[in-house]
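K.L.:
Below are the chains, spelled out letter by letter.
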Amino acid sequence: MVDLALKILLHDKLRFTITVAGVAFAVALVLSQIGLFFGLLSNATPTIRNANADLWVTSHNTPNVDFAHEFPETYVNRVRSVPGVAKADNLIVTFMNISLPNGAEEGGVFYALDDFSAWNLPWRVKEGNIQDLRRGEFIFLDESAKRRLGDFALGDFREVQHNRLRIAGQSQDAKSFTTTPVSFIDFRRAQEMNPDLLKGKTSYILVKLAPGADVKAVKAEIRRRLPFNDVYTTNEWATKSEAYWIKNTGIGLNAFLAVFLGVLVGVVVVAQTLYTSTMEHIKEFGTVKAIGGSNADIYRILARQATIAAALGFILGLGLAFAQKPAIEAMALKLIMPASTIAVVAIGTLLLCLASAMVSFRKVANVDPGLVFRS
Amino acid sequence: MTVLEARDITKTYQEGAQETTVLRGVSMDLLAGEVVTLEGPSGSGKTTLLQILGCILSPSGGELRIHENPVAGHSAHLAAIRRRNIGFVFQQFNLFPSLNALENVQYAINLKGVKGSAAKSEAGALLDAVGLSDRANYLPRDLSGGQKQRVAIARALACKPSVLLADEPTANLDSAVGAQILELFRDLAKRENRALLIVTHDPKVRSIADRVLQIHDGRLRP
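Taken in sequence, the protein lines are chains D and F. Plus 12 on top of the position in the first sequence (first one is 1) and you've got our numbering. Counting along the second sequence from 1, when you hit position 86 you're at 73 in our numbering, and nothing is skipped either side.
Source of the hints: derived by calculation from the structure; they are not laboratory data. Every value quoted in this text rests on a predicted model; they were computed, and no experiment measured them. Keep in mind that the hints are not guaranteed to be accurate.
[What the hints assert, rightly or not] In silico DSS-like cross-links for lysine-lysine, where the CA-CA straight-line distance does not exceed 30 Å:
no.	chain 1	residue 1	chain 2	residue 2
1	D	Lys19	F	Lys107
2	D	Lys295	F	Lys102
3	D	Lys19	F	Lys102
4	D	Lys25	F	Lys177
5	F	Lys99	D	Lys19
6	D	Lys99	F	Lys107
7	D	Lys211	D	Lys252
8	F	Lys147	F	Lys177
9	F	Lys107	D	Lys158
10	F	Lys102	D	Lys375
11	D	Lys375	D	Lys259
12	D	Lys19	D	Lys295
13	F	Lys102	D	Lys25
14	D	Lys375	F	Lys99
15	F	Lys147	D	Lys19
16	F	Lys177	F	Lys107
17	F	Lys107	D	Lys295
[Claimed, not checked] Stretches of chain D that chain F covers, calculated by requiring three or more beta carbons in the stretch to come under 8 Å of a beta carbon on chain F:
no.	stretch
18	15 to 29
19	306 to 315
No residue lacks a Cβ here, since even glycine has one placed at the ideal position from N, Cα and C.
Using the sequences and the hints given, assemble the complete structure.
P.N.:
Put into structure tokens, the structure is as follows:
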């Protein structure tokens, strides 16, 4: 079968290059914007998703994991007695100031537990033993905190709320959406450092269910026993935390606008170049009709051209998106492009290129084969 | 044997309030193996008649039959009739510039549903028949006018048409090459028993004609 569609495309290599480049640019823009969006969102919930908890008990209307409100720590006993609960512990998440060696102060978000290992927090330890936190005036800092706190090493001291704490270890990947450094300290230590706010209080109760326990039933019972608290599964709580940042920071709208812009650029470039190409080859399409071809034959040519532009543009755009990953990561940002997103963008690219070709479909549907008789 | 019959064909164009009649009751037959030329001044209706006979244009009135079957219907149906019965050769050749000579012919064969190596070998045979097998891989821009017209003729033969319609096929060729093309036309019509209608201004075309038709003001002259 003679591939007239491809031959016409390749006959004008410059135009073909512009078409593919336009699609590639749009795909790279869309993928990188979605990737950045997912990357930002991933910072909103890493502690939720990595903690070994099935349920999170929060104070009523807590908007996200970082903006916790305190409630009595004794509530944990009510939760522990609920049938189906295997384990429940208090977790404090609170902001405190860290004094830097140069005299400046930086805010930090502190996660405080009695037994970190039991809850898989922190989930990646670069150095040190997390159990050391139980020994008293120690702190675990996340490696990413170096951007805000400056360089630090095991054994160094940092002052938190005027308490001198020794760095007992470093975690990795524990980040907050606000880029505030994440640290880990012992539960009682945290209460002692900020007694006005935290004495006898907790921010959350982490719940591990017994094997075979009915999640809905356990949630309902905890709600009944703690009527002024909320109870979420891990996924529900992560989704609520992400939704807060999406709605309240404008990143959702920003990502949507960037994706829309990328799609618009792609559609306009493909539609414009395919249309111009169609108009320049209109006599050839007239010839196709004159020698017995139907509108369907011409539609197939245009659809194939759009498909070729979509496929090549997508591959190139995907390559571009991945190529910028190291540069983006060097800026302490994450580009997360799950396979499912890549598949959706691939299908979207194809559909939009075909939709762009529709502009040309309308034109060739009315091509008069008689124009081949005109000189 | 009559291949094509046109009875009382009329064609009127409407432009705003103005009505222009191009053909006024044209009746004619084309017989198998017959070479007919259609001559007339510019604006006399030659090309319009050619388009109607080639099922590209629908007449305003009258009846057209190919192999005794009436020609009518929507554009897809007319395209199918063209694909089965009519071969066109144009003054401007109208080859696909991005396809080489072989592919130009092969594409027309593909359109009738023959694919793959069968289409390629059929296209090669047709190029051979017009004496151009040694230029099979040349793009149109690398062919002379006469060679382009031979490719166009090979392409027109791709559907094994019973009617060949040629619009000023020698107008863009020098006289020596034009004579060769005319000889090729005559040979194809007689050897393969095809009806051939050539629209022309060129009096030399008459030399191969079995019959000459004159058209003036949309009417055939006896």
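K.L.:
Hint by hint, note whether the structure agrees.
P.N.:
Comparing the hints with the structure gives:
1. Lys19(D) <-> Lys107(F): Roughly 17 Å separates the two Cα atoms, so the pair holds.
2. Lys295(D) <-> Lys102(F): holds (24 Å)
3. Lys19(D) <-> Lys102(F): holds (17 Å)
4. Lys25(D) <-> Lys177(F): Violated, at about 44 Å.
5. Lys99(F) <-> Lys19(D): Holds, at about 20 Å.
6. Lys99(D) <-> Lys107(F): violated (76 Å)
7. Lys211(D) <-> Lys252(D): Holds, at roughly 27 Å.
8. Lys147(F) <-> Lys177(F): Given that 30 Å is the threshold and the Cα spacing comes to 14 Å, the pair holds.
9. Lys107(F) <-> Lys158(D): Outside the cut-off at roughly 69 Å; violated.
10. Lys102(F) <-> Lys375(D): Distance ~28 Å between Lys102(F) and Lys375(D) Cα, so the pair holds.
11. Lys375(D) <-> Lys259(D): Not OK: Lys375(D) and Lys259(D) at ~43 Å, beyond 30 Å, violated.
12. Lys19(D) <-> Lys295(D): holds (15 Å)
13. Lys102(F) <-> Lys25(D): holds (27 Å)
14. Lys375(D) <-> Lys99(F): holds (24 Å)
15. Lys147(F) <-> Lys19(D): Holds, at about 26 Å.
16. Lys177(F) <-> Lys107(F): holds (26 Å)
17. Lys107(F) <-> Lys295(D): holds (24 Å)
18. 15 to 29: holds (count 5)
19. 306 to 315: Satisfied; 4 residues make the cut.
Consistency with the previously given hints fails for numbers 4, 6, 9 and 11, ordered from lowest to highest.
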